[in-house]
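Trainee: Given next are the chains, with one letter for each unit.
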Amino acid sequence: MNWVAIVFFALGVVFAVMGNLGVLIFPDVYTRLQASSTCATTSVFSVFIACMIVSGWTAMTGKIIVITLFFFLTNPISSHIIARYAWVSGIVPWRRSYGARTALREHYDD
Amino acid sequence: MGMTAVIDAMIYFFVATTVVGIIRVLIGPTTADRMTGLNLVSAQILAVLVLYAVREGRVAYLDVALVYDIFGFIGILAMARYFTKRAGPA
Amino acid sequence: MSARTWWTAVRLGITAAYLMAGWLLFTWDLGARSLLLGLFYCLLVAAISFPIFVEEHDAARRAHFPRVHVLGAYLLVLVYSMYVASFKVLWQIVRGRINPGVVHFRTRLRTDIARVALTSSITMTPGTITLLLDDDHLIVHWLDARTRHSRYAGSLIAGRFERLLRRVWA
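Protein chains in written order, with my numbering: chain A, 51 to 160; chain B, 1090 to 1179; chain C, 221 to 390.
Just so you know, the hints here were simulated from the structure itself, not pulled from any lab data. Quick reminder that beta carbons are idealized off the backbone N, C-alpha and C, glycines included. Heads up, a few of these hints could be off.
[What the hints assert, rightly or not] Some chain C residues well away from chain A (every beta-carbon gap over 10 Å; in silico): (1) Ser222; (2) Ala223; (3) Trp248; (4) Leu255; (5) Phe260; (6) Leu296; (7) Arg386.
[Said to hold, decoys possible] Have a look at the derived ranges for each label pair, beta carbon to beta carbon: (8) C:Val304 <-> A:Pro77: 23 to 33 Å; (9) C:Ser269 <-> A:Gly112: 20 to 30 Å; (10) A:Val142 <-> C:Met221: 49 to 59 Å; (11) B:Glu1145 <-> C:Gly251: 24 to 34 Å; (12) C:Gly251 <-> B:Arg1147: 42 to 52 Å; (13) C:Tyr300 <-> A:Asn52: 17 to 27 Å.
[Unchecked claim] Where chain A lies over chain B, by a calculated footprint (3+ residues, C-beta under 8 Å): (14) 1099–1111; (15) 1123–1130; (16) 1138–1148; (17) 1160–1169.
Please model the complete structure; the sequences and the hints are all you need to start from.
Mentor: In structure tokens form, the structure reads like this:
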């Protein structure tokens, strides 16, 4: 049992749960993208780190590092492209002061 | 109780959380919402593929994960381009 | 041989070198057959795609050869700030009170690749997403918009990245 790997797996689980929760309950596209970047970036990155620690100093670790670098390259760009598509197609961002203030309270009983 | 059990648990966990992304793809009010869900699903499936490769201890499975990542990226790119064109000049 | 022809050849060479690095990373194989095959396809793809990969006006030497040690430090800073921002977003999701806003600011980075790296870094740290990059003008969606003041928001969101990126490229 490798406790550092366990810690990183736990971080991955926590971020994935909260990110998915955010994607379900947030009010509009942009905030959902923020939550999804929490999950899809940080959680998956933690899992990759844990996988590197588990597999030790082998060829597999080198390959996982390549995948991590490529993931760092592609994932923000695809998020940015979705956000730019939403912005260009004219979706107005949700604001707290625009009367939609109760949208989140339904879920939380604030 | 070894590392294999932990990795198995992680695989089942990520397969379960993928359902949330699928729900967002199904109910998303706008096209951008559906694309967000697809992006999320693609990232989590990538994590599952890497975990499976580490569990089996085969480097060849990691190539699948790499190609899957590339195709997910190109898919999002193509979708954004296609829908932007259909909506008219931006 | 005119300067323009020479610059075209250099652009082709730079593109092929980057493609070859990617080929070596992906195949993880140093056999002669793999190297020759990779070289052939790298030159083929580079001949098709070098006008897009290296713009003709983009002739600064630093734009194509980054300072690698600063780039490594930058990646560490990026990972650290990614975790910090993730915990902030986590707290906001748990508390259920978000205050999103859109801010505009300008960056002082000169080269295109540094601007793209800045955009990717802003999008990668949870809590901020770049909506549009137009030359040096960025539109950023911010999950916890503490200010609408352009310059202050820019220094809060991108200040640390910008200082390091100016040393990597440019």
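Trainee: Checked against the structure, which of the hints given earlier come out wrong?
Mentor: The structure breaks hints 3, 12; every other hint is satisfied.
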